[in-house]
Amino acid sequence: MANLTTNFIGIKSPNPFWLASAPPTDKEVNVRRAYEAGWGGVVWKTLGSEGPPVVNVNGPRYGAIWGADRRLLGLNNIELITDRPLEVNLREIKQVKRDWKDRALIISLMVPCDEDSWRDILARIEDTEADGVELNFGCPHGMAERGMGSAVGQVPEYIEMVTRWVKKHSRMPCIVKLTPNISDIRKPAEAAKRGGADAVSLINTINSITSVDLDDFAPEPTIDGKGTHGGYCGPAVKPIALNMVAEIARSRETAGIPISGIGGVTTWRDAAEFMALGAGNVQVCTAAMTYGFKVVQEMISGLSDYMDRKGFTDTSELVGRAVPNVTDWQFLNLNYVTKAQISEADCIKCGRCYIACEDTSHQAIEMLPDRTFKVKDDECVACNLCVNVCPVENCITMVQLPKGQVDPRTGTPVGDYANWTTHPNNPASQAAE
Amino acid sequence: MSNSQLTPGIVPARLPASTLAENFTDHEPPLDRHEARVAADRCYFCFDAPCMTACPTSIDIPLFIRQIATGTPDAAARTIFSQNILGGMCARVCPTEQLCEEACVREAAEGKPVEIGRLQRFATDTLMAKGVHPFTRAAPTGKKVAVVGAGPSGLACAHRLALKGHEVTIYDRRPKAGGLNEYGTATYKTVDDFAQAEVAWLLKIGGITVKTGVTLGRDVMLGDLQAQYDAVFLGLGLAGVNALRVPGEDLAGVQNAVDFIAGLRQAADRATVAVGRDVVVIGGGMTAVDAAVQSKLLGAENVTIVYRRGREKMSASAYEQDHASQTGVRIIYGAAPVRVLGEGKLAAVEFAYTEDTPEGLKLSSETFTLKADQLFKAIGQTLAGAPEGLGISGGKLALQPGQRIWAGGDCAAGGEDLTVTAVAEGRDAAEAIHASLMGAAG
Ligand SMILES: Cc1cc2nc3c(=O)[nH]c(=O)nc-3n(C[C@H](O)[C@H](O)[C@H](O)COP(=O)(O)OP(=O)(O)OC[C@H]3O[C@@H](n4cnc5c(N)ncnc54)[C@H](O)[C@@H]3O)c2cc1C
Ligand SMILES: Cc1cc2nc3c(=O)[nH]c(=O)nc-3n(C[C@H](O)[C@H](O)[C@H](O)COP(=O)(O)O)c2cc1C
Ligand code: SF4
Ligand code: SF4
Ligand code: SF4
Numbered sequence: 001m002a003n004l005t006t007n008f009i010g011i012k013s014p015n016p017f018w019l020a021s022a023p024p025t026d027k028e029v030n031v032r033r034a035y036e037a038g039w040g041g042v043v044w045k046t047l048g049s050e051g052p053p054v055v056n057v058n059g060p061r062y063g064a065i066w067g068a069d070r071r072l073l074g075l076n077n078i079e080l081i082t083d084r085p086l087e088v089n090l091r092e093i094k095q096v097k098r099d100w101k102d103r104a105l106i107i108s109l110m111v112p113c114d115e116d117s118w119r120d121i122l123a124r125i126e127d128t129e130a131d132g133v134e135l136n137f138g139c140p141h142g143m144a145e146r147g148m149g150s151a152v153g154q155v156p157e158y159i160e161m162v163t164r165w166v167k168k169h170s171r172m173p174c175i176v177k178l179t180p181n182i183s184d185i186r187k188p189a190e191a192a193k194r195g196g197a198d199a200v201s202l203i204n205t206i207n208s209i210t211s212v213d214l215d216d217f218a219p220e221p222t223i224d225g226k227g228t229h230g231g232y233c234g235p236a237v238k239p240i241a242l243n244m245v246a247e248i249a250r251s252r253e254t255a256g257i258p259i260s261g262i263g264g265v266t267t268w269r270d271a272a273e274f275m276a277l278g279a280g281n282v283q284v285c286t287a288a289m290t291y292g293f294k295v296v297q298e299m300i301s302g303l304s305d306y307m308d309r310k311g312f313t314d315t316s317e318l319v320g321r322a323v324p325n326v327t328d329w330q331f332l333n334l335n336y337v338t339k340a341q342i343s344e345a346d347c348i349k350c351g352r353c354y355i356a357c358e359d360t361s362h363q364a365i366e367m368l369p370d371r372t373f374k375v376k377d378d379e380c381v382a383c384n385l386c387v388n389v390c391p392v393e394n395c396i397t398m399v400q401l402p403k404g405q406v407d408p409r410t411g412t413p414v415g416d417y418a419n420w421t422t423h424p425n426n427p428a429s430q431a432a433e
Numbered sequence: 001m002s003n004s005q006l007t008p009g010i011v012p013a014r015l016p017a018s019t020l021a022e023n024f025t026d027h028e029p030p031l032d033r034h035e036a037r038v039a040a041d042r043c044y045f046c047f048d049a050p051c052m053t054a055c056p057t058s059i060d061i062p063l064f065i066r067q068i069a070t071g072t073p074d075a076a077a078r079t080i081f082s083q084n085i086l087g088g089m090c091a092r093v094c095p096t097e098q099l100c101e102e103a104c105v106r107e108a109a110e111g112k113p114v115e116i117g118r119l120q121r122f123a124t125d126t127l128m129a130k131g132v133h134p135f136t137r138a139a140p141t142g143k144k145v146a147v148v149g150a151g152p153s154g155l156a157c158a159h160r161l162a163l164k165g166h167e168v169t170i171y172d173r174r175p176k177a178g179g180l181n182e183y184g185t186a187t188y189k190t191v192d193d194f195a196q197a198e199v200a201w202l203l204k205i206g207g208i209t210v211k212t213g214v215t216l217g218r219d220v221m222l223g224d225l226q227a228q229y230d231a232v233f234l235g236l237g238l239a240g241v242n243a244l245r246v247p248g249e250d251l252a253g254v255q256n257a258v259d260f261i262a263g264l265r266q267a268a269d270r271a272t273v274a275v276g277r278d279v280v281v282i283g284g285g286m287t288a289v290d291a292a293v294q295s296k297l298l299g300a301e302n303v304t305i306v307y308r309r310g311r312e313k314m315s316a317s318a319y320e321q322d323h324a325s326q327t328g329v330r331i332i333y334g335a336a337p338v339r340v341l342g343e344g345k346l347a348a349v350e351f352a353y354t355e356d357t358p359e360g361l362k363l364s365s366e367t368f369t370l371k372a373d374q375l376f377k378a379i380g381q382t383l384a385g386a387p388e389g390l391g392i393s394g395g396k397l398a399l400q401p402g403q404r405i406w407a408g409g410d411c412a413a414g415g416e417d418l419t420v421t422a423v424a425e426g427r428d429a430a431e432a433i434h435a436s437l438m439g440a441a442g
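Here the protein sequences come in this chain order: A and B.
If you read the first sequence in my numbering, its first letter stands for residue 1, the second for the next number, and so on.
If you read the second sequence in my numbering, its first letter stands for residue 1, the second for the next number, and so on.
Don't take every hint at face value.
Derived Cβ-Cβ restraints for the label pairs, each shown as a range [to be verified]:
no. : chain 1 : residue 1 : chain 2 : residue 2 : range
1   : B       : Asp26     : A       : Pro239    : 36 to 44 Å
2   : A       : Cys350    : B       : Pro29     : 20 to 28 Å
3   : B       : Asp26     : A       : Ala418    : 26 to 34 Å
4   : B       : Gly111    : A       : Asp308    : 52 to 60 Å
Chain A stretches covered by chain B per the calculated footprint, using a threshold of three residues with CB under 8 Å from any CB of chain B [what the hints assert, rightly or not]:
no. : stretch
5   : 265-277
6   : 293-300
Please keep in mind that the hints were generated in silico from the structure rather than gathered at the bench.
A virtual CB, placed ideally from N, CA and C, is assigned to each residue, including glycine.
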């Protein structure tokens, strides 16, 4: 069994699986149960300033979308930060941390955008012995209207300013949590770095409406006939989160900043993917909310098995390993030629590949009279659509044409690496010559 | 070919070799990767899962299925083996329709449970095919334990003890280890010599010596074992067979079903196993069903199970009964034998219909006769050959704490007589032995 111990910005935890700041980490009772189940760390549900806590709606706060078998694929929420008094949270944090020294405990914070508010809250959390703070610049609903959360996260200058305050008034490691509700994720990450952040975490939830009630004509979840946009999370957001993590990991300005990967992590594989794209650890919310804390056991066994298979003895060997292979489109090898190949033995003859290609792609699959399906190499552009719609995993595969072999579609032999920057059709490449 | 299904008497080779081979292939073929993925996807990862509660060894079923779903069958296998080291055999022989799959919430929802047994086989087969053993022994404790009986209970006990660092010697009177895994369960559930392969794989843990051909009470005495070892575990199974207690029972052609099955299991070539043209099986459990089904598969023309009570009372599950019917076995419910007929050898069996009354089962005056050249008795096994002086209650060993003797499996009180129950009891006895030995040491 591989060693999963991780050291993230000096914070040690027995594995890279942390619970994200959200309902699973809202109370001592949950957090203790989470540690017992095996979670390596916890980011406590976001705390606000001293004073009367925020209030939540008293009707439904979640909406969802489902896949086959009602598998929950995306969750949307209109919950705010913690609605429990600050003193209660601080007392509980201190108690839990005292009993669970080997686990990470981070405090998530969101207070008004002025230096005094931040200095005060940092002073209040000082003696909890928590391992660090996470600045919630992400919450897309409820708090943004009050000038907090994503209202700060969408303005890089604010991020930089608040991060600077936090570093000035606290010795704790500081993670800045980013909102994805922005057009270029690198900008807030750069701002966090300039402000002195030790790490960034992403993504927080995405603005969304999951569905509309077609009798009451209101978005779901509906509160007394009205609804509002909520924050989207769960498996559905993973691709968006992976890209944002990769963008930060490979950008020259932000490369090397530690990243805590969040968004749709549900299995060991999701976690490994985030880590390969540069995340030093991952945070999880929806998977725990769907399946309970025990779900971490599969993440632990799966990641450990994978690392054993790969011969990795430390998670650091995995972190960032895929980053050098994330590039821009223009650098992709245009002389890498593949053709779809259907395994007749595995094919169940559903015809989905055929109709997808025939109606919407390149008319490159033939349906023979005995209902066997064959790829026409002289038409196939290797788009991968058939692979993606085939219900049988690995039934259709992409086979690479070796160098020198003539591509029956273009009639030209496969050549050496060459990309768009030097392609004759590229006006820029001609101009450069 | 000289013999056919119509040849009278008890003769071998009623069917061509190719048909025999086909008849005895894997009853439920293994899932391939795609099937396993689809089957695993149906699991809801229930909390406090009912399937897990229904498993006598409490395998963490939601976790292992999730591990299959995420492409880590080796991890799934470890989850299984950590609770049930004979998880490979159990995946093949457990009556899942009465255990985990009956309890599955999707049985309630759609009448179609998650295929837990077959998924368990997928995971365990994947890991076992690699030939590696997933566990390593703890540091030696210097303690020695004798295990009598190399059936599922004895093997599970020995493995858990070895894991904890104890030195184990297993004694068994049979030439091969495995108990009824090797000599009892249906051929088509354990193809390709799986029982022996599993024993060999289990023993890779180390620290276990197997001595076959040694009978407790004849070759070695309980007192000797107690003197030589720090603890003794008895996993003797049920060596005796109940008699019919009707006239004519000793006619040639009347046989214990378990002996017939053991002979079939051990036959190098199934074409050498003789079977009657008209076979009658008396009993209502798995042994009755297995004897009947396998007689049919060997080529008997007519096979009839006669059970003295109603269908719902039969201890073989509805699934097993349907399997028998589909194979062509006829099942007569509510009749009991009164006489075995024949001159020098079996020719027919006379039955009377029964009435289930509050005072118990009564024979009615209405009778019928079934033609038979082979009759299998399958009305239950009994404890036999257990050492004198041990507590017995309800025909099973009931040992007192403090004797430094433990028992488990079919020979011990409690639980149903199933492979998986034997594994659970053997494993739990090992934990108790360990606690007792280490408690005494420190
Ligand atoms: C025909 C048949 C089919 C069955 N099919 C199924 C099935 O499909 N699924 C299922 O779950 N269960 C099935 N069972 C029940 C299952 O096989 C038993 O419950 C299980 O094997 C019990 O395990 P055990 O370790 O207690 O005993 P056994 O498997 O009986 O093993 C006991 C061992 O002890 C040895 N032994 C006994 N006395 C002595 C002695 N004096 N000295 C030395 N060694 C001794 C024996 O040789 C034997 O190897 C079946 C049983 C039979 C008879
Ligand atoms: C109900 C709910 C409440 C949340 N509350 C907070 C919060 O208080 N602070 C915060 O930083 N993120 C909060 N989040 C966002 C999560 O921490 C996480 O970033 C997001 O859900 C994406 O991860 P996931 O796909 O694993 O759920 C909340 C999410 C949900 C579903
Ligand atoms: S999950 Fe619990 S708190 Fe939420 S609506 Fe259902 S019963 Fe109420
Ligand atoms: S989609 Fe897959 S299974 Fe269906 S016809 Fe095409 S190759 Fe066969
Ligand atoms: S009861 Fe069925 S659905 Fe639930 S965990 Fe068990 S196998 Fe899965």
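Do the hints match the structure? See the list:
no.: 1; hint: B/Asp26 to A/Pro239: 36 to 44 Å; result: 41 Å, holds
no.: 2; hint: A/Cys350 to B/Pro29: 20 to 28 Å; result: 23 Å, holds
no.: 3; hint: B/Asp26 to A/Ala418: 26 to 34 Å; result: 53 Å, violated
no.: 4; hint: B/Gly111 to A/Asp308: 52 to 60 Å; result: 40 Å, violated
no.: 5; hint: 265-277; result: holds (count 3)
no.: 6; hint: 293-300; result: holds (count 4)
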